[in-house]
Every structure is written in structure tokens, then in C-alpha cells.
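In order, the protein sequences belong to chains A and B. One rule links them: number in our numbering = place in the first sequence (from 1) + 391. One rule links them: number in our numbering = place in the second sequence (from 1) + 391.
Hints are supplied without guarantee of correctness; some may be wrong.
A pair counts as met if it fits within one copy or between any two copies, since identical chains are not told apart.
[Stated by the list, open to error] Lysine-lysine pairs mimicking DSSO-like chemistry, simulated, CA-CA at most 30 Å apart:
id	residue 1	residue 2
1	K511	K451
2	K431	K526
3	K413	K624
4	K482	K625
5	K625	K413
6	K631	K413
7	K625	K642
8	K625	K659
9	K488	K413
10	K526	K511
11	K488	K625
12	K624	K487
13	K526	K451
14	K664	K642
15	K625	K645
16	K664	K431
The set of hints was computed from the structure by calculation and includes no laboratory data. Just so it is clear, the structure is predicted and the values come from calculations on it, not from any experiment.
2 protein chains.
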Amino acid sequence: MDKIRFFGEQIAHLIEELDFRKEPPELYDPIAYTMNQGGKRLRPLLTLLACDLFGGDIQKALYPALSIEVFHNFTLVHDDIMDRAPLRRGKETVYKKWNSDIAILAGDTMFALAYTYALKTDAEIVPEILTVFSKAAIEVCEGQQYDMNFEQLASVSIDEYIRMIRLKTAVLLGASLEIGAICARADQNDVRKLYQFGIELGIAFQLKDDLLDVYGDTEKFGKLSGGDIATNKKTFLYLKAMELANNRQNKELKQWYSQNTTIDPNHKIQAVKKIFDELNIQNLTGETMTGYFERSLAHLDSVHADATRKDDLRLFATQLFNRTY
Amino acid sequence: MDKIRFFGEQIAHLIEELDFRKEPPELYDPIAYTMNQGGKRLRPLLTLLACDLFGGDIQKALYPALSIEVFHNFTLVHDDIMDRAPLRRGKETVYKKWNSDIAILAGDTMFALAYTYALKTDAEIVPEILTVFSKAAIEVCEGQQYDMNFEQLASVSIDEYIRMIRLKTAVLLGASLEIGAICARADQNDVRKLYQFGIELGIAFQLKDDLLDVYGDTEKFGKLSGGDIATNKKTFLYLKAMELANNRQNKELKQWYSQNTTIDPNHKIQAVKKIFDELNIQNLTGETMTGYFERSLAHLDSVHADATRKDDLRLFATQLFNRTY
Numbered sequence: 392m393d394k395i396r397f398f399g400e401q402i403a404h405l406i407e408e409l410d411f412r413k414e415p416p417e418l419y420d421p422i423a424y425t426m427n428q429g430g431k432r433l434r435p436l437l438t439l440l441a442c443d444l445f446g447g448d449i450q451k452a453l454y455p456a457l458s459i460e461v462f463h464n465f466t467l468v469h470d471d472i473m474d475r476a477p478l479r480r481g482k483e484t485v486y487k488k489w490n491s492d493i494a495i496l497a498g499d500t501m502f503a504l505a506y507t508y509a510l511k512t513d514a515e516i517v518p519e520i521l522t523v524f525s526k527a528a529i530e531v532c533e534g535q536q537y538d539m540n541f542e543q544l545a546s547v548s549i550d551e552y553i554r555m556i557r558l559k560t561a562v563l564l565g566a567s568l569e570i571g572a573i574c575a576r577a578d579q580n581d582v583r584k585l586y587q588f589g590i591e592l593g594i595a596f597q598l599k600d601d602l603l604d605v606y607g608d609t610e611k612f613g614k615l616s617g618g619d620i621a622t623n624k625k626t627f628l629y630l631k632a633m634e635l636a637n638n639r640q641n642k643e644l645k646q647w648y649s650q651n652t653t654i655d656p657n658h659k660i661q662a663v664k665k666i667f668d669e670l671n672i673q674n675l676t677g678e679t680m681t682g683y684f685e686r687s688l689a690h691l692d693s694v695h696a697d698a699t700r701k702d703d704l705r706l707f708a709t710q711l712f713n714r715t716y
Numbered sequence: 392m393d394k395i396r397f398f399g400e401q402i403a404h405l406i407e408e409l410d411f412r413k414e415p416p417e418l419y420d421p422i423a424y425t426m427n428q429g430g431k432r433l434r435p436l437l438t439l440l441a442c443d444l445f446g447g448d449i450q451k452a453l454y455p456a457l458s459i460e461v462f463h464n465f466t467l468v469h470d471d472i473m474d475r476a477p478l479r480r481g482k483e484t485v486y487k488k489w490n491s492d493i494a495i496l497a498g499d500t501m502f503a504l505a506y507t508y509a510l511k512t513d514a515e516i517v518p519e520i521l522t523v524f525s526k527a528a529i530e531v532c533e534g535q536q537y538d539m540n541f542e543q544l545a546s547v548s549i550d551e552y553i554r555m556i557r558l559k560t561a562v563l564l565g566a567s568l569e570i571g572a573i574c575a576r577a578d579q580n581d582v583r584k585l586y587q588f589g590i591e592l593g594i595a596f597q598l599k600d601d602l603l604d605v606y607g608d609t610e611k612f613g614k615l616s617g618g619d620i621a622t623n624k625k626t627f628l629y630l631k632a633m634e635l636a637n638n639r640q641n642k643e644l645k646q647w648y649s650q651n652t653t654i655d656p657n658h659k660i661q662a663v664k665k666i667f668d669e670l671n672i673q674n675l676t677g678e679t680m681t682g683y684f685e686r687s688l689a690h691l692d693s694v695h696a697d698a699t700r701k702d703d704l705r706l707f708a709t710q711l712f713n714r715t716y
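Given the sequences, and given the hints that come with them, work out the whole structure.
Pasting the structure below:
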């Protein structure tokens with residue numbers, strides 16, 4: 392069995408073993424529901440791969456890895472309230488299935504649980520791990536705030552957008568790798584390089600997400616296709632289109648993005664997609680994404696570590712980059 | 392200057408020095424607004440007094456103390472969303488002044504900030520401090536869930552109510568003391584006794600809060616008098632009244648507590664207060680509260696520590712017990 396699959400099973404097993412049949416069930420049922428939904432579990436995998444990259448004992452990194460996955464799921468539970476999102480991974484969101492109060496409190500509890508898991512490793516590395524973890528947590532919140540701000544702004548630059556997804560998505564990938572490296576007591580310089588690898592990879596990853604929302608396989612993706620368009624989300628695709636649009640396209644895009652079409656958004660999605668296609672947005676986004684991806688690999692290359700183990704991380708990054716859902 | 396005042400000023404100074412003029416302001420303004428509102432700052436004071444009790448250096452306990460205060464304020468910001476509370480400490484709540492999305496995210500950020508502050512002490516005690524802190528954080532969430540459940544239940548026993556306030560309020564007072572004691576490297580047995588002191592004190596403190604809501608000085612208390620009655624909150628006073636009510640009183644109480652009187656709740660408050668008075672609820676609650684207070688002091692007495700320093704904690708607890716707002 393290859394390493395990525397093996398590590399993935401270790402994490403899946405650890406999550407399965409978690410027992411959320413606790414009191415009060417109104418609090419723990421939504422947590423169990425969230426954690427049992429699967430998802431890509433990409434962040435804990437990055438932690439284990441980073442630990443292994445430096446020859447560390449992945450048993451020491453398992454709970455810190457779990458901690459990041461639980462934290463990530465907490466942010467999704469809260470984001471879904473703020474975004475009024477009905478679906479996540481093809482299932483009802485906690486906020487929709489229960490209510491927003493339950494989602495707030497279940498999320499808060501998951502955040503606290505994440506910290507209890509992060510403590511389950513060698514005491515001497517706990518302060519360093521939690522420093523990285525808490526810094527990332529704050530930045531993720533900042534990113535979410537920028538994301539919400541963008542909804543109210545008439546125009547957002549591509550630079551501002553990249554800064555937002557760097558905070559909202561990329562820093563946690565960076566932190567996942569950093570924490571894995573800390574578990575292996577890697578050299579400070581290498582830890583920093585691996586963090587940079589995660590940042591660039593994270594931005595590429597989010598651009599891929601933006602692309603897949605419009606051009607991905609709906610059933611596998613677990614969200615509605617064009618959901619970002621339906622909800623007027625200013626993704627990279629939209630911002631790039633606005634940058635390149637002629638007067639007619641600019642006017643049409645603005646018009647579509649000022650409408651709330653919760654019932655049957657298909658007409659809107661098709662019309663916006665048509666403009667995206669006219670402007671070659673799929674390819675242009677792909678090019679920008681490829682740039683981030685290639686820079687991420689350059690950072691990985693510069694790390695001092697065993698070449699074969701680096702290949703595992705490179706393979707994993709490539710799989711992420713090539714995913715179709 | 393007496394010790395309690397001196398420690399209080401240390402904490403106030405530390406909070407004043409915090410700089411929340413960060414980006415994005417939509418996220419940090421509500422945090423600054425919350426942290427600058429003052430409040431009793433009782434929990435960080437308990438941390439410093441506990442550290443001092445065992446001859447510890449309070450400089451080592453300052454940031455952990457701050458951490459608990461920030462955490463406590465985070466819970467208030469989120470609770471106010473769930474309770475739809477318009478006022479807190481005589482001012483608009485974050486949820487009311489901004490909106491619930493802002494309040495969710497500002498709260499999440501405060502939670503993460505709390506952890507960054509908790510890390511600012513000797514690395515060797517960080518794992519122990521965070522273990523106590525995270526356990527308390529989870530229990531506070533459980534308590535809040537029970538509190539929300541009670542809103543939906545036709546009847547709640549006094550025992551269930553005490554369990555709820557133990558989780559929602561008392562464990563954090565216990566943890567505040569425990570963390571202060573850990574900062575002073577106190578003996579495990581003494582740490583446990585001090586925690587028990589905090590638990591019993593915390594329950595007495597909440598019963599006092601329940602009492603003050605109906606019988607306190609409105610202006611100083613910073614909340615509407617009778618707010619718990621207006622919002623049908625099943626406090627100790629209500630549950631005790633239901634326990635003792637005759638048929639007529641039971642029927643009247645049930646009737647009042649099934650009504651949502653957001654506009655001019657005074658008539659309802661007066662009517663319920665009248666029943667409370669008929670049943671001697673103020674004194675009965677006072678007696679139960681005194682029982683918890685006296686048991687808390689017995690735990691404090693059993694701690695092995697300097698008698699004069701114990702007097703500081705006893706004095707502080709007594710001030711809490713005797714407060715009129």
C-alpha cells in the first residue's frame with residue numbers, strides 16, 4: 392500500500408474511534424455528524440507527510456493532525472452559517488439540519504476539542520505547535536472576514552482576493568505542514584520552506600476550488616454546480632472576468648451579480664458561464680493556478696530532506712492539483 | 392493599596408495595552424469594543440490571587456489570566472447571539488450593534504486569541520495550563536447547550552439546573568484558580584482543593600446573579616431588571632417557585648412563562664415577582680446560595696497555604712457574595 396493511502400487510513404481510523412456519544416446529545420450529535428462526513432482530510436495528511444518527510448515518528452503527529460482536521464471542520468460549520476449554505480459535501484449543513492444556535496455552539500466545542508487533541512503529543516513541542524496553530528486560526532478568521540467584506544464591496548482587486556484566500560485557506564495548509572515538521576523536530580529553515588510550500592499550494596488549491604465550482608463534476612463535488620455564481624460570490628473567475636470584460640460584458644456581469652436568484656439559478660449560471668467562456672476564464676484561471684502550483688513545488692524542492700520522501704509530498708500535491716472534484 | 396485592587400489594576404492595564412487596531416477593522420472593532428467594556432474581571436483576578444496564594448510570581452500568571460478573561464468574553468459574545476440579548480453591561484451587545492455573522496467571527500477570533508495569550512508563560516507549564524483551559528472550555532459549551540435545552544423543556548429540576556450552572560459558570564471559575572495555582576507550581580492536592588473552592592463559589596455566584604436580575608439595582612447591574620423573567624428564563628428562582636407553588640401559582644407562572652412579552656414586559660415582571668414574594672423565593676435562594684458559599688470557604692480553608700494570603704481570597708469571595716449589582 393502506498394504511503395498516502397496508508398496515512399489516510401491512519402487518520403480515518405483515528406476519526407472513527409472518536410466517541411461523540413456524550414451528553415448533551417444536542418451538542419455532540421452535530422459534531423459527530425460533521426466529523427463522520429469524511430471530506431478530503433487533506434490537512435491531516437499534509438501533517439503526517441511533513442512529519443514523515445523529516446523521518447519523524449508519525450504516531451507523535453497523529454493527534455496534532457487530527458486537531459487541524461477538527462479545527463478545519465469547525466470553520467466550515469461556522470462559515471456555513473455566515474454563508475447561509477444549505478449543502479456541504481452533498482449533505483445538509485449543520486446550520487440547515489439543526490439551526491444556527493446549535494451550529495455556533497457545536498463549532499465552538501469543536502474548536503476547544505481541537506486544542507485538546509493538539510495537546511496529545513510530546514509536552515516539549517506543545518507550545519511551538521500551539522503557537523503555529525493559534526496564529527493560523529486567527530488568520531483563518533481574518534480571511535473569512537475579508538471574504539464577507541467582499542460581498543459588500545462593488546469591486547475587489549485580484550491582489551485583494553489572493554490575500555483573502557491566502558488567509559482563509561492557504562495558511563492552514565501551511566500550518567498543517569509546519570506542525571508535522573515540528574513533530575519531526577525538523578530544522579527551522581526547512582520548517583519555513585515547507586510552510587511556504589503549503590501557502591502556494593493552498594492558493595493553487597483554492598483557485599482549483601473556484602474552477603471546479605463552475606467547471607467541475609457536480610455529483611462528485613458534493614455542491615451545486617455554479618453555486619458561487621448563484622450566490623454572487625466574487626471568486627477569482629468573476630474578478631478576472633470583470634478585469635477583462637468589455638462594456639457589454641461588464642454591464643451584464645454586474646447585473647447578474649446584483650440579483651438574488653435562490654429559486655432556479657440555472658439561467659443565471661448559464662449566462663455568466665457564457666461570458667466566462669467568451670473571456671477564456673477557465674484557461675486564464677488555470678494558468679494562474681499553475682503558477683502557484685509550480686512555485687509551491689520549487690519551495691518543496693529547496694527543503695533538505697530525503698528525495699524519495701519528498702516524492703510522496705510532490706505526488707500528493709499533484710493529485711490535489713489534478714483533482715476533478 | 393490592597394492586593395485585590397493592585398491585581399485588578401495589573402489586569403486592567405494589560406487589557407488597555409492590547410492593540411486591536413488591526414486589519415480587517417470589521418473583525419477587530421467588535422473585539423476592542425468587547426474587551427474595553429470592563430466588566431468585573433473576576434476570573435483573571437482569581438488566577439492572580441491563586442498564584443499569589445502559593446507564593447508564585449504573578450508576572451507568570453498575567454497572560455494566562457488575560458487568556459481566561461478573553462475566553463470568557465468570547466462566550467458572552469456568542470451567548471448573546473443565542474439568547475438574542477440586546478444589552479450587556481449596559482451597552483448594546485456585539486450581535487445587536489453589528490450583526491450575528493460579525494459576532495460569530497469576532498467570538499471565534501477571541502477564542503483563538505485567548506490561546507495565544509495562554510501560551511505567554513513558562514513553556515514547561517503550558518501543556519498543563521492548556522489541558523485545564525480546554526477542558527473548561529468544552530464544559531462551558533456543554534453548560535450553554537443545557538441552558539438552551541431548558542428553554543424547550545416543560546420542567547427542569549433544581550438538580551439539573553445546578554448541573555447546568557456548574558458547567559456554564561462554575562467550572563471556569565474553578566479553572567481560573569487552578570491555572571493560577573499551576574503558575575505557582577502548587578501541590579496537586581492543593582490545586583484540586585482550590586478548584587473545588589472555585590466550583591462552589593461559582594454556583595453561589597450564579598445564584599447571586601439570578602437573584603440580582605430580579606432584586607438587584609438595575610442601573611448598576613447593567614441589564615434590565617427582571618430580564619430573566621421577561622425572556623422566560625428558567626432560573627433558580629423560577630424553578631424553586633415552581634417546586635413550591637400551589638395550584639393557582641403554578642398555573643399563573645406557567646401562563647406567564649409561555650408568553651413572549653418583548654414590548655413592555657413590566658406587567659409580567661411585577662406579576663411573577665409577586666408570586667416569588669408570596670413563596671419567599673428571595674430568602675430561599677439566599678439560603679441555598681449561602682450553603683454553596685460556606686462550602687466554598689471550607690475548601691479554601693483546607694488548602695495548605697499562608698493564612699494571610701488565604702484571607703485575600705476569602706475577602707474577594709466575600710465581596711462577590713455581598714455584591715449588590
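Results of checking the hints against the structure:
no.	hint	in the structure
1	K511 x K451	both (8 Å within a copy, 24 Å between copies)
2	K431 x K526	both (23 Å within a copy, 28 Å between copies)
3	K413 x K624	between (38 Å within a copy, 25 Å between copies)
4	K482 x K625	within (24 Å within a copy, 35 Å between copies)
5	K625 x K413	between (40 Å within a copy, 24 Å between copies)
6	K631 x K413	between (48 Å within a copy, 28 Å between copies)
7	K625 x K642	within (15 Å within a copy, 56 Å between copies)
8	K625 x K659	within (15 Å within a copy, 49 Å between copies)
9	K488 x K413	within (20 Å within a copy, 35 Å between copies)
10	K526 x K511	both (19 Å within a copy, 13 Å between copies)
11	K488 x K625	both (27 Å within a copy, 27 Å between copies)
12	K624 x K487	both (20 Å within a copy, 26 Å between copies)
13	K526 x K451	both (21 Å within a copy, 21 Å between copies)
14	K664 x K642	within (15 Å within a copy, 62 Å between copies)
15	K625 x K645	within (11 Å within a copy, 51 Å between copies)
16	K664 x K431	within (27 Å within a copy, 56 Å between copies)
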